[in-house]
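If you want the building blocks of each chain, they are given just below.
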Amino acid sequence: MSLSLPYALSVWRRNAALYKRTWKWNILPNFFEPVFYLFSIGIGVGAYVSEMGGTSYIAFLAPGLVCVAAMNGASFEVTYNIYVRLVFEKAYDAMLTTPIEPDDVLAGEVLWAVTRAGIYGGCFFVVLLLFGLAPLPSSFWALFVIPLTGLLFAAIGVVFSLRIPNIDMFSFYFTLFLTPLFLFSDVFFPLRERLTQPWLWVAEALPLLHPVRLARASFKGEFSLIVLWDLAYTLGMSLLLLLWARRSVRARLTN
Amino acid sequence: MARPVVQARGLTKMFGARLAVDHLDLDVPARVCFGLLGPNGAGKTTTLRMIYGVTWPTSGTIRVFGMDIGHHVRAVRSRLGVTLQQNVLIEALSPKENLLVFGRYHLLREPELSRRAEELIDFLELRSHAHLPVRQLSGGFQRRLAIALSLINGPELLILDEPTTGLDPAVRLALWSRIRELRAAGTTVVITTHYMDEAQRLCDQVAVVSSGKVIASGAPTDLISTRLAPEAVELDCTPGEEAVLLDRVASGRRLRVGKRLMLYLDDAADLIERVRRLDGGDRRPIIVRPTNLEDVYLSLTGTNLEANP
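Order-wise, the sequence lines are chains B and C.
Here the working numbering is used: the first residue of the first sequence is 1, the next is one more, and so on.
Here the working numbering is used: the first residue of the second sequence is 1, the next is one more, and so on.
Hints were generated in silico from the structure; no laboratory data involved.
Among these hints, one or two may not hold up.
Distance windows between CB atoms, simulated [as the list claims (entries may be wrong)]: (1) Leu130(B) - Glu112(C): 42 to 48 Å; (2) Val257(C) - Ala251(B): 39 to 45 Å; (3) Pro111(C) - Ser2(B): 28 to 34 Å.
Pairs of lysine to aspartate or glutamate, DMTMM-like flavour, derived with a Cα cap of 25 Å [stated by the list, open to error]: (4) Lys213(C) - Glu162(C); (5) Lys90(B) - Asp161(C); (6) Lys213(C) - Glu294(C); (7) Lys20(B) - Glu273(C); (8) Lys24(B) - Glu91(C); (9) Lys259(C) - Asp279(C); (10) Lys20(B) - Glu112(C); (11) Lys96(C) - Glu89(B); (12) Lys20(B) - Glu118(C); (13) Lys20(B) - Glu97(C); (14) Lys96(C) - Glu118(C); (15) Lys259(C) - Asp270(C); (16) Lys220(B) - Asp168(B); (17) Lys213(C) - Asp197(C); (18) Lys90(B) - Glu91(C); (19) Lys96(C) - Asp168(C); (20) Lys24(B) - Glu97(C); (21) Lys20(B) - Glu89(B); (22) Lys96(C) - Asp168(B); (23) Lys213(C) - Asp68(C); (24) Lys20(B) - Glu33(B); (25) Lys96(C) - Glu110(C); (26) Lys20(B) - Glu91(C); (27) Lys96(C) - Asp161(C); (28) Lys90(B) - Glu97(C); (29) Lys90(B) - Asp168(B); (30) Lys90(B) - Glu162(C).
Positions of the beta carbon are idealized from the N, C-alpha and C atoms, including for glycine.
Next up, chain B with everything else stripped away, as it sits in the complex:
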């Protein structure tokens, strides 16, 4: 184990220094996407749906979209941005001429992706608060779900980015992986009411489902035992993938 937190933080600070320059251009599209979904689907479609999962449709959408905002924040960072730094800019090769080790690079990047997930999820949460869609105080528990979602999708994205042969593969990642997750992870409709039991078991494998269930439980303030399974899945899967990423990042940067 050769992870050093100060060195990992110096990697984090590299990204933060750059982000300070560009956040105005980055944050707007990423931030408004879930806001548009909330109001278009929530108010537009919601007008034809009297209630869902025991609440108004827009209130049903809110917790899931917090996780989607966090997922998007982390995903952009660990896909295109990491790939460009790795392959085109050679930023990691330069870091490895200093005392920074591959483990520090991975930790710094994942920490940064979690930070961006926090920024996007957090901003969206503030919007929900302003519109009275985040019930207090229970929904504050969702603030813990945001970094967990970021961690999980940072881990998934980093493994993908380290193993693909070219940058074009990211269109598969977004359209064939993230988009179906977005649509079939309890965000827009309760899976339990629409899927048969065998399909419900399949759905348990979907990574976004677990943070969404955690966020929904937070918003409702009703925690059942399944929360433990959701936490275990989110943390366990993140850990497994990060161990895999650790091997990949070493193989990519040293030989």
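Could you slot chain C onto chain B? The hints should help.
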């Protein structure tokens, strides 16, 4: 004599079945400028990567500052600086901000961090554009900044991988003078270059690497005087003319590239006489000049492009 800064013994690196570095021995003494020369693919960059510990030897040993790099990666890297072949800069940030980011990789803290950054901005003459985004700067400016980054920790060993490739003559001269200043201040410099004039002017010692092995090493002047005669003659001639002209000249080395023939002689006068006689009234151009490091390099590594794919 002091302990060498870099010492490699039997250093070997295989990439799959390809032998990149082959039982290479290397001693880089402290406080010298050391040139690692050789054709593309000779194993120079792989050797450098083994020095700073991102490529692991298949066999052999390498010690840097007397430490086994395999066990002391962070300690070794905290005392050296590397300028990679490709500039690694954050284009949206200014030179000053780039220096601050890079300084943090070494865990430098304020006010030391800003002090070092300001010093290097002056040392590499970056002041005029220190606050513009790097993407707006010229190639020479960006290269100087890349070198400044590798100096942020005040390294005892500076590794420069082709630092002047693609730069204009004025920038090259300025960089040479900075490298000399660093060496005079006690920094050990390891440089790779394809410019033999650069190596000859800058380096106290060079090692010529071919197919992963050191095939010659020493001070440039010693290499020249021991390997080739002092006068180099260049002229265009056919192989047939060459046979006639050099019939009784028991000269040392000759190099031929297409029509161009290069000969190395103790005294060129006799040969020039013979060429003039052969030519009659129609005199062909002949260049006579002192033998230089490029001649030695070509005589060692050959002029055949196929040899080093």
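Results of checking the hints against the structure:
1. Leu130(B) - Glu112(C): 42 to 48 Å: Holds, since Leu130(B) and Glu112(C) (Cβ atoms, about 44 Å apart) stay within the stated range.
2. Val257(C) - Ala251(B): 39 to 45 Å: 42 Å, holds
3. Pro111(C) - Ser2(B): 28 to 34 Å: The hinted range 28 to 34 Å holds for Pro111(C) and Ser2(B), with Cβ atoms some 30 Å apart.
4. Lys213(C) - Glu162(C): Holds, because 19 Å separates the two Cα atoms, which is no more than 25 Å.
5. Lys90(B) - Asp161(C): 15 Å, holds
6. Lys213(C) - Glu294(C): 19 Å, holds
7. Lys20(B) - Glu273(C): The given pair, whose Cα atoms are some 73 Å apart, is violated under the 25 Å limit.
8. Lys24(B) - Glu91(C): Given that 25 Å is the threshold and the Cα spacing comes to 17 Å, the pair holds.
9. Lys259(C) - Asp279(C): It holds: about 16 Å lies between the C-alpha atoms, which stays within 25 Å.
10. Lys20(B) - Glu112(C): Roughly 23 Å separates the two Cα atoms, so the pair holds.
11. Lys96(C) - Glu89(B): 19 Å, holds
12. Lys20(B) - Glu118(C): Holds - the C-alpha atoms of Glu118(C) and Lys20(B) are around 22 Å apart, at most 25 Å.
13. Lys20(B) - Glu97(C): 12 Å, holds
14. Lys96(C) - Glu118(C): Holds, because 8 Å separates the two Cα atoms, which is no more than 25 Å.
15. Lys259(C) - Asp270(C): The hint holds at about 21 Å.
16. Lys220(B) - Asp168(B): 41 Å, violated
17. Lys213(C) - Asp197(C): The hint holds at about 22 Å.
18. Lys90(B) - Glu91(C): This hinted pair holds, its Cα atoms lying about 13 Å apart.
19. Lys96(C) - Asp168(C): Holds. Lys96(C) to Asp168(C) sits at ~24 Å (cutoff 25 Å).
20. Lys24(B) - Glu97(C): Between Lys24(B) and Glu97(C) the Cα gap is close to 19 Å, so the pair holds against 25 Å.
21. Lys20(B) - Glu89(B): The hint holds at about 19 Å.
22. Lys96(C) - Asp168(B): Distance of about 34 Å is beyond 25 Å: violated.
23. Lys213(C) - Asp68(C): The given pair, whose Cα atoms are some 21 Å apart, holds under the 25 Å limit.
24. Lys20(B) - Glu33(B): 21 Å, holds
25. Lys96(C) - Glu110(C): At roughly 14 Å apart (the allowed maximum being 25 Å), Glu110(C) and Lys96(C) satisfy the hint.
26. Lys20(B) - Glu91(C): Status holds; Cα separation ~14 Å.
27. Lys96(C) - Asp161(C): 23 Å, holds
28. Lys90(B) - Glu97(C): With Cα atoms ~18 Å apart, Lys90(B) and Glu97(C) stay inside 25 Å; holds.
29. Lys90(B) - Asp168(B): 18 Å, holds
30. Lys90(B) - Glu162(C): At roughly 16 Å apart (the allowed maximum being 25 Å), Glu162(C) and Lys90(B) satisfy the hint.
In summary, the structure is inconsistent with hints 7, 16 and 22 from the numbered list given earlier, while agreeing with the others.
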